[in-house]
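Novice: The primary structure of each chain is shown beneath.
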Amino acid sequence: MWGVTDQPSANLYIPMIAVVDEIIDETPDTKTFRLRFEDKDYAKSFSWEPGQFVEVTVFGAGEAPIGFASDPSEKALFELTIVARGKVTQAMHALEKGDRVGIRGPLGNCWPLEEVKGMDLIIVSGGCGLAPLRPAILHVLANRNDYGEFWLLYGARTPADRDFKYDLEAWAKRDDMHLLQTVDIGDETWKENVGVVTTLFDKVKVKAENAVALTCGPPIMIKFVTIELLKMGFSEDRIVTSLERYMKCGVGKCGHCCVNHVYICTEGPVFTYQQMQALPELRL
Amino acid sequence: MKPVLTTCGFCSCGCALYVEPADSRVVGLHPSENHPVSTGRLCIKGWNATPAVMGADRLKTPLIRKADSLEPASWDKAISFAASALKRILADSGPQSIGVIGSAKTTNEECYSLVKFARCVIGTPNIDGAHRFYDASLIHALLETTGTPASQIDVNSVAQAGSMLVVGANVMEQLAHIGSRIQDAAENGCRVVAADPRTSRIAPQTSLFLHPTPGTDLTWIRALLKTIIDRKLYVDHAPEIPGFEELVVSLDDVQAGRLEDACGIDPDAVGEAAQILASNPPLVVMFGLGVLQQFESSRIVKALADVAVLLGGSVMPLRGQNNAQGASDLGLSHDLLPGYRPLTDPGARKVCEILWDREPPTEPGMSAVDMILGCRSGAIKGLMIFGENLALSAPNTEETLSALDKVDFLAVSDLYLTETARLADVVFPACSFLEKDGTFTNIERRVQRVRKVFEPIGESKSDLDMIADLASALGRDISREPAKVMAEISADVPQYQGVSFKALDESWGQQWPLKGAAPKLTPVPAAAAESDREYPFRLIASRVNYHQQTGTMSARSTVLAREYPEAYAELNEGDAEKLGVRPWQPIRISSKSGALIRTLMLSASVPVGCVHVPHFFGGDSPNSLASYECDAVSGVPVYKACAVKVEAVR
Amino acid sequence: MKAGDALVLKKSDALMFFASLANEMRLVAPRHLFGGDVMFGVVESPKEIVWDYGHDIYPPKRFLLPHFEDMFRCENGKTARIENLADAPAQAIIGIRSCDVMAIRFQERFFASQIVDPYYKSRSDNTVLFSLVCNKPPKKECFCICCDAGPYLDSGFDVQLTDLGDRFLYEIGSEKGAKATEPGAYMLSEAGAPDFDVRRRIELQVDSLFETTAYIAKAINFISEDEVPSQVWEELGSMCFRCAACTNLCPVCTCYTVDDRPEADGSFTRCRSWDSCQYSGFTREASGHNPRPTFGARVQRRFYHKATYQYIMRDGKHGCVGCGRCVSACLTKLDLPSVIKRIRRAMHEYLEPQEKAAEV
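Protein chains in written order, with the numbering used here: chain A, 1 to 284; chain B, 1 to 650; chain C, 1 to 360.
These are calculated hints, taken from the structure and not from any lab test.
There's no promise every hint is true.
What follows is a list of derived Cβ distance ranges for each label pair [what the hints assert, rightly or not]:
#1 K218/C <-> S279/B: 58 to 68 Å
#2 E48/C <-> S207/B: 43 to 53 Å
#3 G60/A <-> S69/B: 20 to 30 Å
#4 P583/B <-> K87/A: 23 to 33 Å
#5 S45/A <-> A86/C: 19 to 29 Å
#6 G60/A <-> G54/C: 44 to 54 Å
#7 K87/A <-> E48/C: 36 to 46 Å
#8 L279/A <-> A86/C: 44 to 54 Å
The model shown is predicted, which means the values in this text are computed figures rather than measured ones.
Don't be surprised by glycine CBs; every beta carbon is placed ideally from N, CA and C.
Isolated chain A (complex conformation):
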């Protein structure tokens, strides 16, 4: 049910050099970096799927795993959306256009977009969890006829804390998808829902028998969203999420992201709820 690409990463431990082409400020603590490989031949052969990630080296600071956040039809010029939280991501935020970073990847498995063709989709995300889902969303919108009903639920702390506001504006105008947004704390301009993302569920009209849910966000959000989805009748193998763990090598060797006998970086980060329930350390 979950996809694994069989393209091996070109360089297991040694990063390829990419240049920062553009930096977009998403929120006060989040930036999107558009990156382009220096080696043009490598750029041509580089391919990835929604849900996968790369290990980004910020020279002098270290390496961090970040999921692809851009349009998957554009492989060579890709975007990473990064929250400044730890040593490496804070160093990343200090970079400027033209600076170089190292990239190892693509790593991990991907959202099961092939497997769910023909089905209804509900995508539920919170905060910076929208970023790893964005390639899936863009893929679905670009191949709209391959999928059934499409619901996108997004919750953030405040209106200003939403990522990809430019996309959300455009998506709100589309008539081939349902976009529901909510914030914890509104402001004068906010006309949409106020409350946690689960408060949006009573507006969702989806038949669980032919639907699949993709979700990504803070662990507490995933927990409550999963409860709602199960209530709606989703089976455990139709609820899919992307997990996060402290990572180092990204290729299933160093042991940091290992949960029970599964490496989040190679057998994940995309897992179904059913798979998670089989791992004692992950049971919600």
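Let chain A serve as the given structure and place chains B and C on it in line with the hints.
Specialist: Just chains B and C now, kept in the frame of chain A:
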């Protein structure tokens, strides 16, 4: 390349460490199987020793102050700059206006040479060591009781104890090898009585865990002594031990009925403790910084020594630093000559004159704390600090920083640009224990070899080289060869007789012998600290496993720093609720001397009315909450049980 | 020379035989350090080899997975040129024991599974193991027979030596072993029935000489089914000193961390070094959240990785070879045999009352 056998530079266990170099990299690091203390094991700091002392930001050149910044300079310039400053001060204000503070981490050869440099090259009586901020109170207190200002037993003997009294020490975290032997002992039926305001990790091994109110150890220990005497639990010949009568008289005022109010301990528990400790020989009495940095620390140490002597047991003071023992042995003290000989001892003075060509003073000089106060008042015009981050280890940080900033001339030697080094006029880049030869003396009085694994990084030098350079610039000769210095030490210092590099190369170190002096008992009159209503909480300052003192070294190991990423403080849940503070929120802890912000965590192991603040890496330290109030006898500041208040940060 | 050949090497020829290897590869063997300490290291001459050592705390795994390994060096971000520092010297590890051989095979399989680790692979390709059968357990902490990892192996070795008195039985177990034998082959003769007899006698009597046991099988069931009560794990965790010696010195453990070390010239070197799931920082995330927040959770993790069928399925065998190093190295009693004992006792304490309650 073959691994080099050296001695770890973190704690006083003094484990043997094999370090394998390849060019300037570490490629191997492992313990020794046959070393009597390590026995094939190391603690978390030992396993991560090399990155801690070889961090990327090691000082590589001397620095000289130009206005607001420190500029790189050559060694020649730095030494002559320092020498000129010292000469000027000597001429204008005399040697007593210069102070020298040494380290509990440098080698024996460096400590001894620093004493010589201060007393005979500069001629100042103001020479003291970093142990003044930690455990110096054990020196006079034990000299007057057991006669040995050190542990009377080996680390391995701890595993054979029949009973133990462990007071004010986070031994399981800070001295892992001793903690391991305590676990072994407990498994073999040893009865452990621990005392600590906080429930620490020794709890599973204890038969009895007393939780006195912070700062009241003297009260319950006096009650313990009185119980031992009243119930005649002492060894048969105790009444004949000199000092027995005076001790009995000094305890006349102890009243069981008032005990619980005074210190939070039930007299029945004290009775139980007395019974356990008296009926399960051999007894070992241990105490750590909880005692050594407390109000009336010298008196508490004497009381604990009295317990051991009355019950025929041994004393093992739990010193922390790798060479705290050696530094004390070699006279890095303002009031003693090397080998713990008083300044007035004629034999010692004669040796001094012969070996050092200078008459030592008859009066003690300034202690390290007094030197800081002297910087503030102007009595000290020049201060030299070797290998101690005073800005964080001294009390009353705000005043200390201002005093160090104010003093006319400050010279600092260290591995990194510490908070202290930043205030200096000249900074000497020191090399780590991996880059020099010498010796350390561990907690069981074992003198062991420190062997050079790498060439000093950049232009850093051993403190011995620096001291020799400075002496030379002032017209005197101090040897820069560690083996030669040790030969001088073994001729001068009675405890180190027979120690030589050759003998050390053929053994697992040489332990200096116990003198076999008859123990004495000393009286223990009462004393109580005042409480302060404005500052209703009691500070419990501790140290965690991954972190050593000010954290200068341990912060540079990513593994150690990763273990302990957040500067936190702990409160009991009830207290947190009353104050209206929630976990993961910042709180302010303040005293008359200073304030700290910490992230709050809740813990049931912290008693009501107390706030637990573990030491963290750099930046600030719970020491800032302490004032310059010191133990009257030893001059060690009172860091423990400070009166503080705790509030939410809005 | 081929795998399956059984030969004899006279002890009087051994020095010359191993010296003949030294032309092609460096020799790694146990050698004397100080005061009775013996550890594996590079030896200049076979004369340094110590054949009858007891403890060797620092495992020979470090010659395939170094304690500190520089991976590559990168010039500063402006030019960003990368220089691969991988180094895989040809080496013979002589005098290694069956337990360590099994551990190395385990690691080889792990590092080659799914995505191949190039550093480990090139080192192991260039390493040939000359293992020595233990005629008796070298130290009281050994328990390899409980783990099916010794004292002798039927397969999985390159060259297996057995001390028969004045000679070694020399068994070739792999192509690598056969190739490494070629330079000194002229010193070897064919093994015969008397040689196999001596070996058989050693095999028959060695089992009864072990002092330490670890009845792992039942514990594997409990741990795999997550049946061990959490208070047992927490009790074990409360003893831990967090020194991580258990994982450092375990010849099977492979976890490592990666650091970028800045150099004086502005470049940086990416290096990896042994890490441990016993550290609390091993899983702590940048947000401060720690999925394994207690010491008990971390002890449970170590034993999950060592003794569950989930891992046996992945790795081909459970993660312990009974070398006994954790028994020597642990500052408390969290070595595998002691923990297995504790778990077995716990299951009597907790499961029997439950079963009785269920019956009632």
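Novice: Could you run down the list of hints and mark each one as holding or not?
Specialist: Status of each hint after checking the structure:
The hinted range of 58 to 68 Å is not satisfied by K218/C and S279/B, whose Cβ atoms lie roughly 41 Å apart. For E48/C and S207/B, the Cβ-Cβ distance of about 50 Å falls inside the hinted range of 43 to 53 Å, so the restraint holds. Taking 20 to 30 Å as the suggested C-beta distance range, the pair G60/A and S69/B conforms, at roughly 23 Å. A hinted range of 23 to 33 Å holds for the C-beta pair P583/B and K87/A, which are about 24 Å apart.
Taking 19 to 29 Å as the suggested C-beta distance range, the pair S45/A and A86/C conforms, at roughly 23 Å. Look at G60/A against G54/C: about 46 Å separates their beta carbons, and that is inside 44 to 54 Å. A hinted range of 36 to 46 Å holds for the C-beta pair K87/A and E48/C, which are about 44 Å apart. In this structure the supplied range 44 to 54 Å is violated for L279/A paired with A86/C, their Cβ-Cβ distance being about 34 Å.
The earlier numbered hints that this structure contradicts are 1 and 8.
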